[in-house]
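Visitor: The primary structure of each chain is shown beneath.
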Amino acid sequence: MSLLCETPNPSRRAVLMTGGALFAWAYLPRFARAADNRDPRLIVIVLRGALDGLSTVGPVGDPDYAGLHGDIALSLSGANPALPLDGFFALNPAMPVFARLFKAGQAAVVHAAATGYRDRSHFDGQDVLESGLPGPGNATTGWLNRALASLPAGERIAKAGGLAVGPSTPLVIRGSAPVLGWAPQALPTPGDALAERVLDVYNHRDPVLAAALQKGLDADRMALGDQLDGRTMKPKGGLDNAAGMRQSAQGAAKLMASDDGPRIAALAFDGWDTHVNEGGATGRLANLLGGLDGAFEEFEEGLGERWKDTAVVAITEFGRTARINGTVGTDHGTGTVVLLAGGAIKGGRVIADWPGLKPAQLYEGRDLAPTSDVRAVLKGLLADQVGLSAAVLGDRVFPDSAAVKPMRDLVV
Amino acid sequence: MALSASSPAPPDPALVALNRFGLGARPDDDLGKIAADPRGYLKAELKQQDIALIPADASKNAGLLDSAAAIQASMAAAAERKAARDAKAAPAMQPATDTANNPTDAKEKPVAPPVEADIYRDEAQARFDRALGAAPGFVERLVGFWSNHFCISVAKGQIVRACAGAFEREAIRPFVLGRFADMLLAVEHHPAMLFYLDNQQSIGPDSRAGKRRGRGLNENLAREILELHTLGVGSGYAQADVTSFAGMLTGWTMAGRRGRLGEPGTFVFNANAHQPGEAVLLGKTYPAGGMGQAEAALNDIARQPATARHIATKLARHFLADDPSPQSVAHLAEVFTKTDGDLRALALALVDQPEAWSMPLTKLRSPFDYVVAVRRAIGASAGNEPQRTLRWLRALGEPLWQPPGPNGFSDRTDNWASAEGLKTRLDIAWQAARQADNVGNPDAMLSTLIGASASAETREAIARAESKQQGLALLLMAPEFQRR
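Heads up: the sequence lines are chains C and R, in that order.
For any residue, its number in this note's numbering is found by taking its place in the first sequence, counting from 1, and adding 41.
For any residue, its number in this note's numbering is found by taking its place in the second sequence, counting from 1, and adding 3.
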């Protein structure tokens, strides 16, 4: 373990988990703190395809890193130097916004993280990541939706429901709690009359379609209806390119900034499966990271006053091999990063129990060994931003996960 | 007759044939024509030899290129684009006194036309034409199923954009009513797949090329063959199998532009890049044998019980229900095994599943099936420019030959019954209703397209529509039109 990076304090966790553990977690949820007018937001960005954490936040202080990651390893020197976060880790230079937030104490990284999934199928990995279940299966609901559904009826976050950004709803936010769907589009829209008539038929014949269409119409009105200057957003690209990522964040921020808008949102960005010519400080992965960075910036700007209460978390199904493959890319691996940003994040830290990159330290001789559980991070955020107890988190939101303790102190 | 998820009533068999198995009714009385024997009608389509093929000798398809020609065109265009970029970059190194005063120079477009986009558009048109003309379209649905099972993505690069349509015509269509193992081998040999899953760059570390260039394996193709194309995830293979299989597949590549290994853009086996020696996959040792080594492995895994189950489950999910009955899946797997993966026998078995005719229409049409059904409903010529259809598909989240990952587009209703998806369908229904150049009586269209299964509510809403266009849009949004 490196002494240069900050680690969660085990003794403190142990204290909290023993004497009166349940009560230690049933502290006054932060959303209820009327005194400081806190009104928290939680945004989850799923990066599909398995993000290379070692090229996002490079352990430049680890003597084995450069050798393993070869031509695509980040470095503090050279034409595109990585952005130092602390004395050990440095950020891909495609992410200046995240670096600025990190310096301002509004962004943090959890490194060497993984869910409980240990195989290397994207689709099962995403299933586990988004369902919050211990293993893959035919999951139909996601942990973020179950978190919403676990809140008391009438509670402000629950009442506003969730927001799903994109042409389809990510599994992480599917479930019984209400979810608004929105994606940037540029099709001429029909009048309200047609919509009302279709809804009328659906209400009588097909409640599932009725609910979906109603939400779609509502979201469209909220996102576009109040643009007084008559400009409408033009689609700039899919969710696997930088412009599309930025634009979807822009729209989501607009919906979430309003007082009656959703507090909880899920976005999914594609394209992180970098088997070939991954690039390092520049190139394909860096372009995508630039898009993610742009999304952080759009949330910061668009949420305005509410940014201070916001936590954004970017997660991915697993990482990639520590060693580059035969085609200057990386194959499916295990440990990776969780990126946290937002005014609510107690930032300026890379949280890692660094496992090292020597051959014997790699998971199955291939991957960055996981030392933090992604679920612990998510549970910590849900506890502090949404106010759910460890018991509910361990039972309903992430079933059978009581042994995975929420990571404390992620939120200011 | 109700069609919502909660409805217990079985739908009209003719509508089942056209919606669950086919591509939707057309105004020229498809429903009436098949009413007497809907199952027989579906089976008759399966008996037509070569029905899945898009014949190149038909004048309409004369412009379609085979994959080698398409890839060569793309290679040539890429070279031109590079030359144009280089030519532009060279003067930029000089003091730019002229261009500074001449803003038109700075905005100059690249000289090379986007040939890949043209090829893609022509291929898309050929596929749409096929879907619009088919009756009842069961075979086209099978093409769509297998094309999604063995998906490639044009987002990978211009080479794949140029040959995506040819890939479907060459590696999918000829085998849709043939043998699974043959389709599997055709797919894994195809440059589009080798490109998409990076195998054209994978090199055996101990091969001559590997030793010389210090490059090595890329596991992508090997993993997805096992996980997605054949056995299915969780069926018992290990990381060591993936690595070993990746080694067996080294050398499977595409001849480059200079044609050193063969005709540019065609499949070649590059022995120089092939990992030498025997290899073990799933406990079986495959002796060294060049290209034949991985071919032998593919032939074996195509016949594994896990493959039969995987394919049976996916087919049943596509055509019957998100969660088909275990009996249906088991029966289809048995047919797959007994017939050595005869896909025509499998399609016939699907039609014979009692479940197919008794369950209410609960699945939502996928975006492609919805868009095609809309175009068939409004008359195949109305607004049928490929760009419009492609734009609709993109808006609905199912851009043609561009899935988000190698597992293809989702086949579950949840994935498409989203708020944004339904709102976009409303926009499209409205556009389509305005494009239809000859909107007849919407009540009559309802009878023609949905028939006796139309609910009283749908009937009434259309009868009371404010305009013919609104009535048609209501029809295109009706649950009876959305569900299959």
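Keep in mind that the hints were calculated from the coordinates and are not lab data.
We treat Cβ as the ideally placed atom computed from N, Cα and C, and that holds for glycine.
Treat the hints with care, as some may be off.
Claimed, not checked - Take a look, some chain C residues computed to stay more than 12 Å from chain R by CB distance:
1) G119
2) D127
3) G128
4) H163
5) A194
6) A205
7) G257
8) A309
9) D311
10) G320
11) G370
12) P396
13) Q402
14) E405
15) V452
16) V453
Said to hold, decoys possible - Think about it this way: if two alpha-carbon atoms lie no more than 20 Å apart in a straight line, the pair counts; the simulated EDC-like pairs of lysine to aspartate or glutamate are:
17) R/K471 with C/E237
18) R/K63 with R/E358
19) C/K387 with C/D112
20) R/K46 with R/E358
21) R/K214 with C/D112
22) R/K471 with C/D80
23) C/K295 with C/E338
24) R/K36 with R/D121
25) C/K144 with C/D436
Visitor: All the hints need checking, so say for each whether the structure fits it.
Guide: Outcome of the hint check:
no. : hint               : result
1   : G119               : holds (21 Å)
2   : D127               : holds (33 Å)
3   : G128               : holds (32 Å)
4   : H163               : violated (6 Å)
5   : A194               : holds (22 Å)
6   : A205               : violated (7 Å)
7   : G257               : violated (3 Å)
8   : A309               : violated (8 Å)
9   : D311               : violated (5 Å)
10  : G320               : holds (15 Å)
11  : G370               : violated (7 Å)
12  : P396               : holds (19 Å)
13  : Q402               : holds (18 Å)
14  : E405               : violated (7 Å)
15  : V452               : holds (29 Å)
16  : V453               : holds (33 Å)
17  : R/K471 with C/E237 : holds (16 Å)
18  : R/K63 with R/E358  : violated (39 Å)
19  : C/K387 with C/D112 : violated (33 Å)
20  : R/K46 with R/E358  : holds (17 Å)
21  : R/K214 with C/D112 : holds (18 Å)
22  : R/K471 with C/D80  : violated (48 Å)
23  : C/K295 with C/E338 : holds (13 Å)
24  : R/K36 with R/D121  : violated (38 Å)
25  : C/K144 with C/D436 : violated (36 Å)
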